[in-house]
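Participant: Each chain, written out:
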Amino acid sequence: DKTIRITLQLPEKHPLGQNFNAWKSCVEGQASDLKVQLFPSAQLYKDKQVPEAVGSGAIEMGAASLTRFAGTVPAVDAIYVPFLLDSEEKVKKATAPGSDVRKVLDAAVLEQTNARILWWQAYGRTIYLSKEPVRVPDDLKGKKVRTFGKLLGWTVEALGGAPTLMSGSKQFLAYQQGAVDAGITGITGVKSRKLYEVMPNMTLSYDADIEFVAVMNNDFYNGLSDANKKIVNECGMKVEKELRDNMLKIENETLEFLKDKINIVDLTDEERAKWREATKAVVDRFIENGGETAAKVIEAAK
Amino acid sequence: MEAAIILGALVVLLGLRVPVAFALGGLGVILLWWKGFPLVGVPQRLYGTMDSFELLAVPMFLLMSGVLLKGGVGKDLFAAVQSWVGHWPGGLGVATIISCALFSAISGSSVATAATIGTVALPEMEARGYNRSFTLGMLAAGGTLGILIPPSIPLILYGVVTEESIPSLFLAGIGPGLFLAGLFIIYGMLYSRFGGGYTPSPKADWAERKRATLMALPTILLAACIIGSIYAGIATPSESAGVGFVLALAMTYAMGRMDWEKVKDATHKAMVTTIMIFLIIAGAKVFSYAITLFQIPQAISTALTTNISDANIFMLAVGGVLLLMGFFLESISMLLIMVPVLYPALEAMGIHPIWFGIFFVVLIETALITPPVGMNLFIIQAVGKAKLQEVVRGAWPFAIMMLATAALLWFWQDLALYLVFKF
Amino acid sequence: MLAFIDKIAEFTGKLSAWMLFAVGFFVTYEVVMRYVFIAPTIWVDEVSRIFQIWATFLASAYVLKHRELIVIDLFFKQTDSLARKLVETLSLIIIAGFCAVAVKFGFDLWLKATLAGHTTDSFLAPPKWLTHGSIWVGLGFLLVQALAEIVKVWTIGVPELDAHSAD
Ligand code: NA
Ligand code: NA
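So the protein sequences, as listed, match chains A, B and C. In this text, residue positions in the first sequence follow the working numbering: the first is 1, and each later residue adds one. In this text, residue positions in the second sequence follow the working numbering: the first is 1001, and each later residue adds one. In this text, residue positions in the third sequence follow the working numbering: the first is 2001, and each later residue adds one.
In short, the hints are calculated from the structure, not lab data. For clarity, every value in this text was computed on a predicted model and none was experimentally measured. Hints should not be assumed to be uniformly reliable.
[Unchecked claim] Selected chain C positions facing chain A (Cβ under 8 Å, derived; list incomplete):
hint	residue
1	R2034
2	I2038
3	A2039
4	T2119
[As the list claims (entries may be wrong)] If the Cβ cut is set under 8 Å, some of the chain A residues that face chain C in the computed set are:
hint	residue
5	K48
6	S56
7	G57
8	T67
9	R68
10	G71
11	T72
12	A108
13	G142
14	K144
15	K150
16	G153
17	L165
18	S167
19	S169
[Said to hold, decoys possible] Taking lysine-lysine and the DSSO-like style, the derived pairs with C-alpha atoms no more than 27 Å apart in a straight line are:
hint	chain 1	residue 1	chain 2	residue 2
20	B	K1264	C	K2007
21	C	K2014	B	K1385
22	A	K13	A	K92
23	C	K2104	B	K1035
Cβ atoms here follow ideal geometry from the backbone N, Cα and C, with glycine treated the same way.
Build out the structure end to end from the sequences listed, making use of the hints.
Facilitator: Listed below in structure tokens is the structure:
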């Protein structure tokens, strides 16, 4: 018998934690010799350690935001290039299993870290939380903005703000105490982390797509029987589809939940055009920094 | 059974004078190796533990306190508080707890609270002839208020894990926090009144109070800067501690009380205390990594929720288990491991989740001052250059008061919930 | 040889103390830049953490040398007894063993990240050879110090002084 231990960042209650529970049921239902154990809420590793912990085999599996791999594969930040994936179809196409974007990124991550991506987890799109309502880039001028990745920091710089990196769990206190004026996060996080209690405004900028990945140590994977390899992969594909199909619904439900708790700012087409214009240069900076792989991913995503 | 063997092994190692940090860390490594878990997790866990900006509050507050101490400024502050409450029986003890409660309103951590107030208050109380064990225990216990009186790092984590409201948790912490502070003050006064042994301070007249308060004004301003910078959103606790350190340097230098030798000495002492605390935290993290992978805490919690259906017995059992685990686990691990398993059982038992968060934190506080693994015991031991037994001897009455408060909370839930639902 | 090892511990201890001292000024600079000039730095948070990690592991040998590690001082109090020497040796072996594991696996991870040219995933993106070297270098010194202390226990004897009263 083999045990697959999984280190998760988010609580088990979060849709992404539930997604892992679905995978566990699927795998344990089909493979009698595989057992799955979840370790949620970063009990074992912080999110930024997941690539190394899984790659080195300290733990069999883990989940982390794709951007946590940026230190080894800078091209993963492509999904954050502003307005590159600006529609539901583009997101679906770019993140579909076997898409050109995924072929390049999954292979690069495997080669660089020895962590095999089994499936992607949709986390929804980015929004801005702020003390003062934000409609156009000028509203962010001179503001301190929480980001969670290098590339999103560049976006904030392009918009005229001053970026500060901060992990998800620290947002609440930072917003409450006013350590930053605004922050980028995903819609579901606003509900699960209770951020609506400390930030009055939410701008639906939808400038980028947030993806998590479920990774397995490649040596462990290679040690599985062919039948079990098939099971872990197919269960991964199954729960990936469930989450992706569900994400729009989850986002809408969350918006419904939030609508009387926070001021929701929806952008007009002209306003969004201003955001697009202001952040145009970020893609060049990204390609310059991420090299050939980055260029390939951008090409594939277009 | 496995759990009993592991805890027994830890006790033996500690009894054999293995330093706490390495008894925990070494046992963690042995456990991982025993069950064939990859040891490559050890350096990663060590690195991840120290790679934390929040922990930086520890050396920063220690540096600030060290400078204030060397500059003789702590004495001014104490003289001022003392001029107001010093003539009460056990007046310095009262001042100490008040200082801890005030500092708790800045700091989300018990470690920082105990270290800062401990460094300032301990020499003063000793100079006044207060019983050493009593003083050490009071400081260890007073420091634990740091996680009950908001802000509180454990309450934030509880809110995140359970998706309960963090401001509600903060509000709920105020009542029990002040209640405990009051209890500590009363105990301190009674102990001093009947235990005796200290030199009572004479009652200060108004001129003296004015003079002492003026002398302490720079320090009070410094404290205001620290509190203000956090609540005004200018700085995080670690940052304001760093700023406090630099301001303390500037202030004592301007007062002509600081020289290069004192700076060197304060820096060196802060380093030693920091490292002895950090190594224990790192060792504890390796140990908790191993027993989490062994699924020992998870198994205990699951056994609780599946075998008990009566809420009273459930709470009694939960309290007992947390007390037991608190002997050996450091607080954050205890919370992150136990809460997700216990939380689902609450609704079935009719237990309010906000209330439970406060109950949990009171037991974490107790764990901070119960041996053999009690972070505040270690800090006060380090600050006071004391033996662990001395601190434990002074701390156990406070641990009992905390347990009594936890029990009282069960019968008087409004102590926590009143502020949440009436405001 | 012993004197040389002790010298290194003294040096790394001092270095760590001044690293923490410097961090106080870094974060003050950050607060001023962010609050007064609305120009938060991208380096203070990360550099401060790197300093903290290095300081912790580098200074561990110093803290052991001066017997400033926290011990449950209940049994074997007689410093010149054979039992105490044996117990002391056991402690030092456990410390050395712990370090050996951390150094071995920490070095492997470090080597891999260094050869691959990996960085952290932050704005500043410092190379991992710089950040992750802290574990095996710092605990490597501690490993050597623990072995030196074993030799001292059987030649010079267990330090008579209660370290916590040596002020
Ligand atoms: Na607090
Ligand atoms: Na304890």
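Participant: Take the hints in turn and mark each one as holding or not.
Facilitator: Here's how the hints hold up against the structure:
no. : hint                : in the structure
1   : R2034               : 7 Å, holds
2   : I2038               : 5 Å, holds
3   : A2039               : 6 Å, holds
4   : T2119               : 5 Å, holds
5   : K48                 : 6 Å, holds
6   : S56                 : 6 Å, holds
7   : G57                 : 11 Å, violated
8   : T67                 : 7 Å, holds
9   : R68                 : 6 Å, holds
10  : G71                 : 4 Å, holds
11  : T72                 : 5 Å, holds
12  : A108                : 12 Å, violated
13  : G142                : 5 Å, holds
14  : K144                : 6 Å, holds
15  : K150                : 5 Å, holds
16  : G153                : 6 Å, holds
17  : L165                : 6 Å, holds
18  : S167                : 11 Å, violated
19  : S169                : 15 Å, violated
20  : K1264(B) x K2007(C) : 19 Å, holds
21  : K2014(C) x K1385(B) : 20 Å, holds
22  : K13(A) x K92(A)     : 25 Å, holds
23  : K2104(C) x K1035(B) : 19 Å, holds
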